[in-house]
Amino acid sequence: MTDTPAEVSDFSNLTCTNLMIRLKILLKKAPPHSTVDCIVRRDQRDTIDVPFSKTGYDVRIRKIDANRYRVSLKKKEQGLFP
Amino acid sequence: MTPHFFLLGGLLSVERLSWIQECLKFFFVKLNPENLLHHTKPPRDAVFVFLLTGDALYSLQNPQTLPLWEVILSMPSVKIICDLKELELRGISIGRLKMKNPEQVIDQNSLALNGQPSFWKDVMKYARQHEQPVPSTVGYLQMESPYMNQSSHAALQFLAAGVEAHASVDLYTYLDGIHLGHTGQNPSECTNIGSSLEGLYDKALKKGLACQMLACGRCSAARGYSTWDDGQGVVISTCTIKPVKIRNLQEIIGQFGRSHIILAKNSASIKFKKEGKTSSLPLRETGRTPPVTIFVTDRPYGTEDAFGAVSFAVSCAYEGIKTRVIFIEEGVYTLMGEHKLEKGAHFFNLQEVVDAVAGSENLQLFAFQPSLSQRGIIKNKKLNGVLNIGIPELGQLLFYPPNGGLANHQRVIFF
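Chains as they are written, first to last, in the numbering used here: chain S, 1 to 82; chain V, 83 to 497.
If we strip away everything but chain S, and leave its shape as in the complex, we get:
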């Protein structure tokens, strides 16, 4: 929940299932309008992208190194109009 790269959690050693669980916990605890950031592997990136996009999150992914990606998740704002 920070923009400082040094403080971004590195989840690249987690399995995909536990990564999902960890992110859901962090998102649940995150203050409104804040972003959850983490570093993941390529296969984890694929695991995160679709399920979170489908369930109301903005998912931003940036490659930072070979097989390392920075993922930012943020709850989508509810607009007045669809």
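Check the hints yourself; a few may be wrong.
Unchecked claim - Simulated DEER-style distance windows between Cβ atoms: (1) K28(S) <-> N117(V): 44 to 52 Å; (2) G306(V) <-> R42(S): 40 to 48 Å; (3) P149(V) <-> K76(S): 51 to 59 Å; (4) G384(V) <-> K28(S): 43 to 51 Å; (5) H33(S) <-> E97(V): 46 to 54 Å.
FYI, nobody ran anything at the bench for these hints, they're computed from the structure. Idealized CB from N, CA, C, for every residue including glycine.
Model the placement of chain V on the given structure of chain S, informed by the hints.
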């Protein structure tokens, strides 16, 4: 008609047998009263079959559980098939129960090809009935280590019976079950599980049958098996026997997308009679994947079982499998009070996990209220994504398919 069947190999407590008995009563009284009307003598085709082996057999003699079995056997179309070798090994006498219910309590097992009675051949008769196409497949989920636990022999015998019956076999190892695949096993007083699995693999291939042995990647890594990981899903181990492949849990759960029977030490297969249709293909078909119900029966933290169960359920749900998790028996301690984990601890607070995953697509969480009441505890009010249920709701969860499902049966696994 293919019956509902339970394979029970662990110690059967009064509590467990009581709720099973109540669920059966619910089935016969509320869902299928016609069975009661025609109940004059035990029909040839059982509706419920209990396949008992290992420590579960003690329940047939224990004065606290025996009356519960007598009630269960008084219901129509219930049959118990005992593992004769295990009965004899333990010196358990079921004479009284058998005398009262001679057609319902079976202690003579079918003969295997070697001419010896084989309980697992009887298990296979039920495990293969759901499958239409040939060759069929049967699967076994093993969660305990070998030698310390007799369940590894059960897993081996189940798979061997499958191969003998010309079924392709899958072994999924999870939690401590991954130790089945360690190289260099050399027990002096027991069947060597590792070399037996290698022999089984070769035998299956010679018969033209498929044989998969998949070990969970997370569990393998934790226990020192994953000695090389390319970071892209390829994990190689120098300490597993050749047939065992380490795969991430998602890939193992992917096998659950097919419609074959998958059993475990304590497990069940519940047939859906109306909505469900038997799949004509062995491969995955949308909507026909059997739903999974997971009973979390153990206390959290003391062992990996409770977390393993929830993690397994999350994986199933993520793979699109309708999944229900029921906290029951000692498992309700997962929901009691407010768990606090030391900051920075390299572990999960199980209540945070439960709270976070509640409401996920394909996943439903339940707390069995009688188990909470029996322990004088209540569920943490913050866990409002976990619904309290009693016997009627548990009965419905077991015997009705989830909405929109076309599966022909439900897989039930006790953790």
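Cross-check of the supplied hints:
The hinted range of 44 to 52 Å is satisfied by K28(S) and N117(V), whose Cβ atoms lie roughly 46 Å apart. In this structure, G306(V) and R42(S) break the distance hint of 40 to 48 Å, their C-beta atoms being roughly 25 Å apart. For P149(V) paired with K76(S), a C-beta distance near 57 Å keeps the hint of 51 to 59 Å intact. Distance hint for G384(V) and K28(S): a CB-CB separation of about 26 Å, inconsistent with the stated range 43 to 51 Å.
Range check, H33(S) to E97(V): about 47 Å between beta-carbon atoms, so the 46 to 54 Å window is met.
Hint compliance for this structure: hints 2, 4 are broken, all remaining hints hold.
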